[in-house]
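Undergrad: One-letter residues, chain by chain:
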Amino acid sequence: MAVKLVFLGKLADLAGAPEREAAAPLDWGGLLKALEPALAAQVSSEKVRIALNGGLLSDKSALAAREGDEVALLPPVSGG
Amino acid sequence: MAVKLVFLGKLADLAGAPEREAAAPLDWGGLLKALEPALAAQVSSEKVRIALNGGLLSDKSALAAREGDEVALLPPVSGG
Amino acid sequence: MAKDVRLLTEPFVPGALVGPFTDAHPGLGGVCTFVGEVRGDDAVEALELSHYERLTLPGMESLADETLARFELMGLLIVHRVGAMLPGEPIVLVSACARHRRPAIQAVDFAMDNLKSNAWFWKREKRGGEWSWIEPRPEDHADLARWK
Amino acid sequence: MAKDVRLLTEPFVPGALVGPFTDAHPGLGGVCTFVGEVRGDDAVEALELSHYERLTLPGMESLADETLARFELMGLLIVHRVGAMLPGEPIVLVSACARHRRPAIQAVDFAMDNLKSNAWFWKREKRGGEWSWIEPRPEDHADLARWK
Chain R
1 MAVKLVFLGK LADLAGAPER EAAAPLDWGG LLKALEPALA AQVSSEKVRI ALNGGLLSDK
61 SALAAREGDE VALLPPVSGG
Chain U
81 MAVKLVFLGK LADLAGAPER EAAAPLDWGG LLKALEPALA AQVSSEKVRI ALNGGLLSDK
141 SALAAREGDE VALLPPVSGG
Chain V
161 MAKDVRLLTE PFVPGALVGP FTDAHPGLGG VCTFVGEVRG DDAVEALELS HYERLTLPGM
221 ESLADETLAR FELMGLLIVH RVGAMLPGEP IVLVSACARH RRPAIQAVDF AMDNLKSNAW
281 FWKREKRGGE WSWIEPRPED HADLARWK
Chain W
309 MAKDVRLLTE PFVPGALVGP FTDAHPGLGG VCTFVGEVRG DDAVEALELS HYERLTLPGM
369 ESLADETLAR FELMGLLIVH RVGAMLPGEP IVLVSACARH RRPAIQAVDF AMDNLKSNAW
429 FWKREKRGGE WSWIEPRPED HADLARWK
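Protein chains in written order, with the working numbering: chain R, 1 to 80; chain U, 81 to 160; chain V, 161 to 308; chain W, 309 to 456.
Hints were generated in silico from the structure; no laboratory data involved. Don't take every hint at face value.
[Stated by the list, open to error] Here are the simulated lysine-lysine pairs, PhoX-like style, with alpha carbons at most 20 Å apart:
no., chain 1, residue 1, chain 2, residue 2
1, W, Lys434, R, Lys10
2, U, Lys113, U, Lys140
3, R, Lys60, R, Lys33
4, U, Lys127, U, Lys140
5, U, Lys90, V, Lys308
6, R, Lys47, R, Lys10
[Stated by the list, open to error] Some chain W residues close to chain V (C-beta under 8 Å, calculated; not the full set):
no., residue
7, Ala332
8, Leu336
9, Val343
In this text, a Cβ means the ideal position worked out from N, Cα and C, and glycines have one as well.
Start from the sequences, fold in the hints, and give me the full structure.
TA: Right, here's the structure in full:
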């Protein structure tokens with residue numbers, strides 16, 4: 001198993017798919033390396049938040065995902 | 081024909097009926113004389129307003145109703 | 161801007177009025193509706209609402225005009241029951257549709273505050289077999305004062 | 309205090325939800341309901357709302373809890389569509405019932421302000437065959453700030 005990445009909103013467009021896998025374990029540096037440069041730049045933006053298994057990270061650089069974990073990349077919401 | 085008096089809310093209870101007739105012409109003094117003392121006292125209260133043919137009188141003592149007119153005696157509203 | 165104001169002497173079903181009202185305004189962004197019912201608490205057995213033909217409906221019409229002038233609406237529906245009602249029956253319905261949600265919600269709030277303390281209705285309720293007349297609650301006047 | 313929060317993937321009829329919700333709360337004084345629809349203006353051809361399973365529904369549940377804690381309600385219903393929608397289709401419904409009208413109206417106002425700028429939805433719309441992502445309007449953030 002690996003780490004599942006979930007892309008929401010316009011990040012899904014940029015990634016070309018709503019989900020993909022990355023090698024475990026995965027930390028913040030590893031995540032940025034696993035993404036294409038344009039996507040990594042977006043994900044680095046202050047406005048993009050990260051959730052690990054449904055829990056929002058207050059500091060995304062502290063990401064530490066293991067096998068089977070789900071990492072969601074969340075751009076600013078549009079609201080309902 | 082005469083002047084039609086219309087009693088609303090608790091004034092209808094006090095009058096014993098929602099409507100009655102009074103002799104025309106009818107002014108403020110005549111109205112008070114045409115009503116039983118308890119009813120006249122209520123009608124004199126600041127809180128009771130008078131409408132002549134559906135138009136509210138800003139000064140009810142200026143009442144001047146003629147034959148065929150309708151005089152409504154309006155206690156404070158309860159609201160909807 | 162469609163205005164629809166009605167006094168009803170028979171029970172009504174809110175959805176049967178709001179559905180067609182909403183459908184009549186294609187392109188709307190939202191519709192806000194308030195329905196008031198006769199509360200069954202405090203041993204209220206029945207409620208009777210009387211009105212004065214020559215003032216009540218014209219008063220509601222002018223409240224509707226004022227509401228339409230004050231908020232950016234596409235349509236406004238104001239319906240009020242009169243006569244004898246039982247607990248659980250709808251007594252008042254205000255529905256406002258608009259391109260944006262806040263005018264719709266505010267219009268309903270404004271119209272209800274006015275109806276509750278200003279409209280030409282006289283209400284009495286029966287408890288333990290006895291009828292008594294009702295005056296607006298002090299809160300109703302305070303609510304209305306917010307719009308001054 | 310009944311709480312009912314739903315994410316729907318298919319079109320819904322507001323009256324079919326509000327009727328049973330109201331009937332489930334005998335003794336209520338009033339029910340306020342807001343229904344938002346997909347606006348058909350500005351040449352919008354379609355709207356697509358995506359959500360994130362693990363955040364969106366829990367987020368709506370906690371908004372419902374906060375609304376129930378903040379206003380004196382008997383019940384609260386929050387329904388949101390996700391997926392692809394056409395102009396004229398209902399997208400959101402908030403309905404609050406209470407013994408008194410003001411908490412019901414205010415609860416709807418509060419929940420809608422939160423949903424519009426805070427909820428975990430990503431929205432894109434199609435105009436002239438092109439999709440584009442939407443961010444909340446500045447007014448939506450201003451509306452929300454009223455409750456701070």
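Undergrad: Tell me the hint numbers this structure goes against, listed in increasing order.
TA: Hints 5, 7 are the ones this structure does not satisfy, whereas the remaining hints hold.
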